[in-house]
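Chain by chain, the residues run as shown.
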Amino acid sequence: MTQSRPLRFYAQLALTLATAGFMVVPVIMSLLAGVTENYFAGLRGGLTLRWVATVWNMYDATVWLSLRIALTCLAATLLLGVPLAYVLCRHSGRTTRLLEELLVLPVAVPGLATALGLIIAYGGLPAFRTSWWFILTGHVLFTLPFMVRACLAVLATTDLQALEEAAASLGAGFMHRFVTVIIPNAVPGIVAGALTVLTLSIGEFNLTWMLHTPLTKTLPVGLADSYASMRLEIASAYTLIFLVLLFPLLVGIQIAGRRLAGGNKPQ
Amino acid sequence: MTATTSIRLDACAKTFANGIRALWPIDLHVRPGETLALLGPSGCGKTTLLRIIAGLEQPDSGGRVFFGDSDVTLEATERRGIGMVFQNYALFPNLSVAENIAYGLRVRREDAARRSHRVAEMLAMVHMTEFADRPVSRLSGGQKQRVALARALAPAPKVLLLDEPLTALDAKLRETLRSEMADLLARLQITTVLVTHDQAEAMSLGTRVAVMSRGRLEQVGPPQELYDAPRSAFVAEFVGSMNRLRARLIDGRVELGGDTALHYRPHDVHLVNESDAMPTGRVVARFFLGGVTRYVVELVDGQRLIVDAFGRSSASIGESFGVKLGRATEVGNAVTHDAHLSD
Amino acid sequence: MTPLSRSVLLSVPAIAVFAAFWLLPVAHLLVVGASGEQGLSTYWLVLTSPNYRRSLLATIGLSAAVTVAALFVSAITGFFLQRQRFRGRTLLVASLSFPLAFPGVVIGFLIILIGGRQGLIGTMTEWLFGDRVVFAYGMAGLFLGYLYFSIPRTILTIMATVEKLDSSLEEAARTLGASPIQVLRDVILPGLRPALISAGAICFATSMGAFGTAFTLATQINVLPITIYNEFTNYANFPVAAALSVVLGLVTWVTLALARQVAGAQAAAAA
Chain A
1 MTQSRPLRFY AQLALTLATA GFMVVPVIMS LLAGVTENYF AGLRGGLTLR WVATVWNMYD
61 ATVWLSLRIA LTCLAATLLL GVPLAYVLCR HSGRTTRLLE ELLVLPVAVP GLATALGLII
121 AYGGLPAFRT SWWFILTGHV LFTLPFMVRA CLAVLATTDL QALEEAAASL GAGFMHRFVT
181 VIIPNAVPGI VAGALTVLTL SIGEFNLTWM LHTPLTKTLP VGLADSYASM RLEIASAYTL
241 IFLVLLFPLL VGIQIAGRRL AGGNKPQ
Chain L
1001 MTATTSIRLD ACAKTFANGI RALWPIDLHV RPGETLALLG PSGCGKTTLL RIIAGLEQPD
1061 SGGRVFFGDS DVTLEATERR GIGMVFQNYA LFPNLSVAEN IAYGLRVRRE DAARRSHRVA
1121 EMLAMVHMTE FADRPVSRLS GGQKQRVALA RALAPAPKVL LLDEPLTALD AKLRETLRSE
1181 MADLLARLQI TTVLVTHDQA EAMSLGTRVA VMSRGRLEQV GPPQELYDAP RSAFVAEFVG
1241 SMNRLRARLI DGRVELGGDT ALHYRPHDVH LVNESDAMPT GRVVARFFLG GVTRYVVELV
1301 DGQRLIVDAF GRSSASIGES FGVKLGRATE VGNAVTHDAH LSD
Chain R
2001 MTPLSRSVLL SVPAIAVFAA FWLLPVAHLL VVGASGEQGL STYWLVLTSP NYRRSLLATI
2061 GLSAAVTVAA LFVSAITGFF LQRQRFRGRT LLVASLSFPL AFPGVVIGFL IILIGGRQGL
2121 IGTMTEWLFG DRVVFAYGMA GLFLGYLYFS IPRTILTIMA TVEKLDSSLE EAARTLGASP
2181 IQVLRDVILP GLRPALISAG AICFATSMGA FGTAFTLATQ INVLPITIYN EFTNYANFPV
2241 AAALSVVLGL VTWVTLALAR QVAGAQAAAA A
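Residue numbers (our numbering), protein chains in the order written: chain A, 1 to 267; chain L, 1001 to 1343; chain R, 2001 to 2271.
Heads up, a few of these hints could be off.
Heads up, simulated SDA-like pairs for lysine to any residue below, C-alpha to C-alpha not over 20 Å straight-line [to be verified]: (1) R:Lys2164 with A:Pro214; (2) L:Lys1158 with R:Phe2080; (3) L:Lys1144 with L:Asp1111; (4) R:Lys2164 with A:Arg259; (5) L:Lys1172 with L:His1267; (6) R:Lys2164 with L:Pro1093; (7) R:Lys2164 with R:Phe2080; (8) R:Lys2164 with L:Phe1092; (9) L:Lys1158 with L:Asn1094; (10) L:Lys1324 with L:Ser1314; (11) R:Lys2164 with A:Ala156; (12) R:Lys2164 with A:Ala153; (13) R:Lys2164 with L:Ser1137; (14) R:Lys2164 with L:Leu1262; (15) L:Lys1144 with R:Val2262; (16) R:Lys2164 with A:Pro6; (17) L:Lys1158 with R:Glu2171; (18) R:Lys2164 with R:Val2262; (19) L:Lys1144 with R:Ser2179; (20) L:Lys1324 with L:Pro1223; (21) L:Lys1324 with L:Ser1232; (22) R:Lys2164 with A:Thr157; (23) L:Lys1172 with L:Asn1088; (24) L:Lys1144 with R:Glu2170; (25) L:Lys1144 with R:Phe2080; (26) R:Lys2164 with L:Asn1094.
Facing chain L, a subset of chain R residues (Cβ under 7 Å, in silico) [as the list claims (entries may be wrong)]: (27) Pro2003; (28) Pro2050; (29) Asn2051; (30) Pro2152; (31) Leu2165; (32) Ser2168; (33) Glu2171; (34) Arg2174; (35) Leu2176.
Think of the hints as simulated: they come from the structure by calculation, not from any bench.
Glycine included, C-beta positions come from ideal geometry on N, C-alpha and C.
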């Protein structure tokens, strides 16, 4: 126990606190700005919810649309992703690894490129192009790998083959096995994946900005609009609404993640 | 080689931050050049004791660690001049075999010529010369163990600490390495403390053995003494197998039943023709172990004895025999948890 | 139904969606990139013409700088937080990782709040020195914005790796006489190398493709995604936009693939 130990500790602590401050201070400022009467007067000007009310009147459609897209995206990734995770887990080999690599491409490649591709390929179908399903497509492509990976991570730790064989020996057919054995074992992954999908979809901008039309504006798109053209209080109040929406999801992800890690620890 | 030193622990106790008490105050003296084996079941505190000697754990206040005459209690691990072999070997994965062995010498700024000479010497000592440039990830368990040993000994430490060195190896390999290690330790004459839960290992490698249980020293002494004169029922039953028979000796005859117990080693019990002079027992289980056959024999009053028969033995299950009880082992009274058991 | 045919059936929906809505469009993109007046040489053009090259180099430079800074800060703080236990630690960890899901637009806004014309720093420096420091709309603002979304990602990866580090290696080094600095250099950093590489690659790739932050900050500096956006939306220059997107996509994908090779499967799990 040399003398320099405390010094190192405090230096690292200082850096950590500074970084945490960098992360947190702007957010607090933004939250406060959304509820103060006047940004320049600051807290002395008094707190109010009128900016929040104004924002809601102007932009509530964006919130509903974002929620609708996020939930539909969740449904889609569940239907597409959970069976796929099962297949990837049971048949791990060259082909399935290749499939995993392919699936990750929409995440590895910038959203802008994916969006551009979608517009060029399907821009000619006006009904599709101008509906929210167009945006949904982009979201599903982007979030699917996260759902698959979360389920795969959990399924890989269970001895799936042994469980299935045991169930089969007891007379369970495939659908029955899938519902009573495979899905329950994947639940921690499904929960973590679901929260991630919802969070990513609600916050998605890179893809959505390119794919949106004036009639299909999501929450982040609305935010960008307000940052460009609205006064600071409105932009802040809008951001406040967004953060409030996001917060429970973020907490949920933390909890789900910890439970996932705890369950995967070696016995 | 630097002269080796004695190790002395004075009232070393340890309670961890979560409230678990790993060690009650322990006094221990390891003589220069001897190998002391710390033997006990998992959780008895033996590894904690070893780590206190190494400086990886600090004893609770009041506890002191001495290497020879110097008090090293407050000395950091890196300055104690120890060599340590970890249970999982802890070989540096980014270095080759030779580089691992050279690490301690590098830290001491030995010049390159002396370093490579010493590394070659160590490699030869553990019979790993052809593996010098091998990456450690491609070594088998036994090979890793040898490299770990060579690495710990290369800087000529004053003291050698071994944490379950053979536990991770399979049975046959363990036997081979055990005798190699016994040779090495005898040759090097370096003060060694070895932690193990395997009593065969402790007895064959240790000049003295310290049996521990639940944070306390039960008995310290040469292996033969522990075996023949155990001071407590725990030591009697932990070291080797032991029968505990509810019986009394009256005029040289064994009378079953009563409140007192007699202790017999399995090889001190013999199956002979039935007679009135001794109790009768029926074989209820038979384990053929190669050179010895182990029987479980049930006596008339329901008590069971383990009987070891050496060489070829063909008693079968259900057969009845006379049970001749040979020399009983004297077991001392329950150990008073007085710390001065060191010498 | 055989297990194999069943597996195929189960994976067909996802594969079909992927093929129809990603593979096909990207193929279109490649074709459109070559369909302009210059044909296939459009791809060459976007790499060599000064405007686009400046944009590409600015993006690479910025991404590299952010990666180095993020890794440096995260390695120190991540190691510190994982190894030390003290009151308030959980809160610190949470505050460092919650911005993980913030979209770039919001981060741009936060930077404006700090360093814009009415920003916190500007107000403070005016009060202290009489000079209003505004940095949000230049390279510094971009850098800080990118750093803001990179740090949570890298810290979490590093903390997860530090947790799995084998402490017996550090102890072994200490028993051989190594000082704390030597232990750091010889045992800890080599042990963290895969995580640093994979986290760094992800950080670099994300920064290369980031759009929202630069969009909100509306700087004079044109990072590649903004250039692509301008080409497409303002100049309707589809071939160039497509070609630039393909180049950008290739760069990020290759970075991630290389890192995965070098660092093993950890990269994929952390993305």
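Taking the hints in turn, this is what the structure says about them:
Restraint check: the Cα-Cα separation between lysine 2164 of chain R and proline 214 of chain A comes to about 49 Å, which exceeds 20 Å; the hinted pair is violated. Taking the CA atoms of lysine 1158 of chain L and phenylalanine 2080 of chain R, the gap is near 34 Å; set against the 20 Å cutoff, the hint is violated. With a CA separation close to 26 Å, the supplied pair lysine 1144 of chain L and aspartate 1111 of chain L exceeds the 20 Å bound. For the suggested pair lysine 2164 of chain R and arginine 259 of chain A, the alpha carbons sit about 17 Å apart, so the restraint of at most 20 Å is met.
Restraint check: the Cα-Cα separation between lysine 1172 of chain L and histidine 1267 of chain L comes to about 24 Å, which exceeds 20 Å; the hinted pair is violated. A hinted pair counts as satisfied when its Cα atoms are at most 20 Å apart, and lysine 2164 of chain R with proline 1093 of chain L qualifies at roughly 15 Å. Distance check on the hinted pair: lysine 2164 of chain R and phenylalanine 2080 of chain R sit about 14 Å apart at the alpha-carbon level, within 20 Å; holds. Straight-line distance between C-alpha atoms of lysine 2164 of chain R and phenylalanine 1092 of chain L comes to about 15 Å, which keeps the hinted pair within the 20 Å bound.
Annotation: proposed proximity of lysine 1158 of chain L to asparagine 1094 of chain L is violated, straight-line Cα distance about 27 Å (limit 20 Å). This hinted pair checks out: lysine 1324 of chain L and serine 1314 of chain L have alpha carbons roughly 17 Å apart, not beyond 20 Å. For the hint pairing lysine 2164 of chain R with alanine 156 of chain A, the CA-to-CA distance comes to about 19 Å; that is within 20 Å, so the pair holds. Using a Cα cut-off of 20 Å, the hinted pair lysine 2164 of chain R and alanine 153 of chain A holds, with the two alpha carbons roughly 17 Å apart.
A threshold of 20 Å between alpha carbons decides the hint, and for lysine 2164 of chain R with serine 1137 of chain L the separation of about 18 Å falls inside it, so the pair holds. Only pairs whose Cα atoms come within 20 Å are accepted, and lysine 2164 of chain R paired with leucine 1262 of chain L is rejected, the gap being roughly 51 Å. Restraint check: the Cα-Cα separation between lysine 1144 of chain L and valine 2262 of chain R comes to about 26 Å, which exceeds 20 Å; the hinted pair is violated. Restraint check for lysine 2164 of chain R and proline 6 of chain A: the C-alpha separation of about 25 Å exceeds 20 Å, so the hint is violated.
At roughly 18 Å between alpha-carbon atoms, lysine 1158 of chain L and glutamate 2171 of chain R fall within 20 Å of each other, so this suggested pair holds. Restraint check for lysine 2164 of chain R and valine 2262 of chain R: satisfied, since their Cα atoms lie roughly 19 Å apart, inside the 20 Å limit. For the hint pairing lysine 1144 of chain L with serine 2179 of chain R, the CA-to-CA distance comes to about 24 Å; that exceeds 20 Å, so the pair is violated. Taking the CA atoms of lysine 1324 of chain L and proline 1223 of chain L, the gap is about 27 Å. The hint is violated against a cut of 20 Å.
This hinted pair does not check out: lysine 1324 of chain L and serine 1232 of chain L have alpha carbons roughly 25 Å apart, beyond 20 Å. For the suggested pair lysine 2164 of chain R and threonine 157 of chain A, the alpha carbons sit about 17 Å apart, so the restraint of at most 20 Å is met. Of the supplied pair hints, the one linking lysine 1172 of chain L and asparagine 1088 of chain L holds, its CA atoms being roughly 19 Å apart against a limit of 20 Å. Of the supplied pair hints, the one linking lysine 1144 of chain L and glutamate 2170 of chain R holds, its CA atoms being roughly 17 Å apart against a limit of 20 Å.
Note on lysine 1144 of chain L and phenylalanine 2080 of chain R: the hinted pairing is violated, with a Cα-Cα distance of about 31 Å set against a maximum of 20 Å. With a CA separation close to 16 Å, the supplied pair lysine 2164 of chain R and asparagine 1094 of chain L stays within the 20 Å bound. Using the Cβ-Cβ criterion of 7 Å, the hint placing proline 2003 of chain R at the interface with chain L is not satisfied: the shortest such distance is roughly 35 Å. Because the closest C-beta pair between proline 2050 of chain R and chain L is about 44 Å apart, greater than 7 Å, the hint is violated.
Given the 7 Å rule on beta carbons, the hint for asparagine 2051 of chain R is violated: about 45 Å separates it from the nearest Cβ of chain L. The beta carbon of proline 2152 of chain R comes no nearer than 29 Å to any beta carbon in chain L, farther than 7 Å, and the hint placing it at the interface is violated. With its C-beta approaching chain L no nearer than about 11 Å, leucine 2165 of chain R sits outside the 7 Å limit, and its interface hint is violated. Among the interface hints, the one on serine 2168 of chain R holds; its C-beta lies about 4 Å from the nearest C-beta in chain L, closer than the 7 Å criterion.
The beta carbon of glutamate 2171 of chain R is positioned within 7 Å of a beta carbon in chain L (closest approach about 6 Å), and the interface hint is therefore held. With its C-beta approaching chain L no nearer than about 4 Å, arginine 2174 of chain R sits inside the 7 Å limit, and its interface hint holds. With a cut of 7 Å, the hint placing leucine 2176 of chain R at the interface with chain L holds, because the nearest CB-to-CB distance is about 4 Å.
This entry does not satisfy hints 1, 2, 3, 5, 9, 14, 15, 16, 19, 20, 21, 25, 27, 28, 29, 30 and 31, going by the numbered hints stated previously.
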